[in-house]
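Based on these hints, arrange chain X on the given structure of chain G.
The residues making up each chain are set out below.
Number of protein chains: 2
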Amino acid sequence: MSFWLIHSSDTENGGFFNCLAEDGSVYDTNKYVWMLGRQVWTYSRLYNEIEAYRKKDILDVAQKAAEFLRRYAKRDDSRCYFSLTADGKPVKLQRTIFSESFYVMAMAEIGRATGNKEYEDEAVEMLRCIVKWHETGDLPDGHLPLEGRAECSPLSSPMIILGIVSQVCYCFPQHNAEFGHWKKTAVEEILKHIQRNGTVILENVTPQGQEMSGSAGRLMNPGHALEAGWFLLEYAEEIGSAELRNIALEKFIKLPYEIGWDKDHGGLFYFLDADGYTPVQLEWNMKLWWPICEAMISFLMAYKVTKDEQFFDTFKKVMKYALNSFKDAVHGEWYGYLNQRGCVTHNFKGGPFKGCFHVPRTLYMCQKMLNEIILELSASGNN
Amino acid sequence: MSFWLIHSSDTENGGFFNCLAEDGSVYDTNKYVWMLGRQVWTYSRLYNEIEAYRKKDILDVAQKAAEFLRRYAKRDDSRCYFSLTADGKPVKLQRTIFSESFYVMAMAEIGRATGNKEYEDEAVEMLRCIVKWHETGDLPDGHLPLEGRAECSPLSSPMIILGIVSQVCYCFPQHNAEFGHWKKTAVEEILKHIQRNGTVILENVTPQGQEMSGSAGRLMNPGHALEAGWFLLEYAEEIGSAELRNIALEKFIKLPYEIGWDKDHGGLFYFLDADGYTPVQLEWNMKLWWPICEAMISFLMAYKVTKDEQFFDTFKKVMKYALNSFKDAVHGEWYGYLNQRGCVTHNFKGGPFKGCFHVPRTLYMCQKMLNEIILELSASGNN
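Chains as they are written, first to last, in this note's numbering: chain G, 1074 to 1456; chain X, 1074 to 1456.
If we strip away everything but chain G, and leave its shape as in the complex, we get (with noise of 0.2 Å):
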């Protein structure tokens, strides 16, 4: 955390520089939504959670990000820019809900830590929007309506309706009433992506749940196969649903974990196509520091809910490939991006998609699930 506590705060206009080089310093002025929204989230939750966060200076950064969000990211429709100049002059807006689902995350978090309703009112009126386009697929300023193009439910639109539901759920119980239903309605979407009686878990699939034709239908990301399930993990536990727990772990933690890992190299395949085909993305065999990031939580989480050392001997593997591969000693945060064969092909340490978020999310996550197993085994006498 400290590298983005000394590098990326903008002093002068509010929020954070995003591209930070190797040792901080800021090679682009541009602002990134997705990594503004992550960010907010990260200090807030870390403020929330962790003493030894709990102070008003990070507060104090996080809102005034949180505000330079507000004031510049959101559109008079509530649709989010993807890109902002360091002054808030919009850039690029995406075709996507992404750049508002991280604007909720920031909202619902910063809001928990302030108190102050506001930020409450903003998380919850831009779930409203959210969950509204995506039942009706009406977005402003979205895809154009081509007739050719397939019906597709990408994997990462309920993931990210889960992921926010759940994160205004928890910061707010009351509106669990109007918003809870959401939860079991993703998580049936979800499971439409176990095809193939249960071979695989694909990206894209129709929303009647039948597998696309061609690349687009083939494409497995397992890293996100893996957050997934450590989505619908957290769920069947709250539910207490047995059969869920089980799907989560057979289908979407050890089913991804098998097919992308790689067994020269060690890492998680960016993409791979499901006949074995390469797949277009010219980044396909490279690895990525966030799939291994998912599968850290994704592990250590399924050991926790069911003891079984199989799993704790997997997060050992991938924490261990991790650190290794990944984390930078000298100047601190993790690279992100590394060839098939692990060697570091960006020098950079925050950029257009990677900022201060899966990296401390992880390991504060890591860290709280193992001292709460620590002490379920102490309690169990079997530590």
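A portion of the hints provided could be inaccurate.
Just so you know, same-sequence chains aren't split out, so a pair can sit in one copy or run between any two.
Claimed, not checked - Quick list of in silico lysine-lysine cross-link-like pairs, DSBU-like style, CA-CA up to 35 Å:
hint, residue 1, residue 2
1, Lys1147, Lys1390
2, Lys1380, Lys1327
3, Lys1257, Lys1377
4, Lys1205, Lys1257
Rather than coming from a laboratory, the hints here were simulated on the basis of the structure.
Just chain X now, kept in the frame of chain G:
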């Protein structure tokens, strides 16, 4: 060429399948308009200029694909889609003018091959739209006009304008009066990309010819600069400008090669940052087939116009790398994508951005130039 002639025709719907695996089998039936336009151009150009390809069945399949393009690729407002289903339904529209530009190339060359005035009219009308959109910046369904979006002149825009104006004037010299001046304008725009006292070619500059801030401003694409090099060299020869010839040779051919050639592993880097940061593009260190193709054409053309042996030596070195690294002697065609060390990472022969174009165009142009060089050297008694 036999790879494409055997494997790519869609005999049911007309047009070509683009996504061909290593052995030529179709792994995705979507059709990409860049690739369709380029393949029509390639078939027609070879039909027009090489005896061995002057066959009715080659012209027939090109003409069926041209009809497929006319019927399905173009909207009423003359915008062209980026991709279509196998039977021609629109899948995606880009915010740029490249689909439209390859439409012009296809229509001009098939117009020359068939003598059918309808194709000539199609090419000319589309070219009028493109230069208007380029001049006014007012492209239907183009980029949203956002306040923070920096005014940018990407190298690709004047290059494609120069390319398609040259194409139309080459096929139909009578249109030189209307369009010829656009060559000069495009060349002036290209020359604005020489930056930092002539030490770099930058991919994006302001319309006024200043360096832009951030990663986008520092971006270099050596293969693209080399492609601009032979476009400029052709134009310099056409107008007989020794000054422009020298700029093309020194700044757009020698310089990008010196900067872009990987001294350790050979091949041209896809992207570089002028200040030495890692580019944010995940594929920056990959070796792609088309920059090597552009380098082969550029250095051979540089030798042809100067007879300076240094250019021929580099041509041979680049060609040797290309044939050793990209060529598939078993199934035909070249692979398209290698990692930094030169190993094939993607084993398909055709994809959304690789089709029947760069490899045959390069071999056709190089063969033609080599024949001309031999004749010139024979005539001067230096063979």
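Cross-check of the supplied hints:
1. With identical chains, the CA atoms of Lys1147 and Lys1390 are never at most 35 Å apart, being 42 Å at best within one copy and 53 Å at best between copies.
2. For a Cα distance limit of 35 Å, the shortest separation of Lys1380 from Lys1327 inside one copy, 15 Å, qualifies, whereas the shortest one across copies, 63 Å, does not.
3. Taking CA atoms no more than 35 Å apart as the test, Lys1257 paired with Lys1377 passes inside one copy only; the shortest distance there is 23 Å, against 69 Å between copies.
4. Taking the closest pair of Cα atoms, Lys1205 and Lys1257 come within 35 Å of each other only inside a single copy of the chain (16 Å); across copies the shortest separation is 52 Å, beyond that limit.
Consistency note: the structure conflicts with earlier hint 1 alone.
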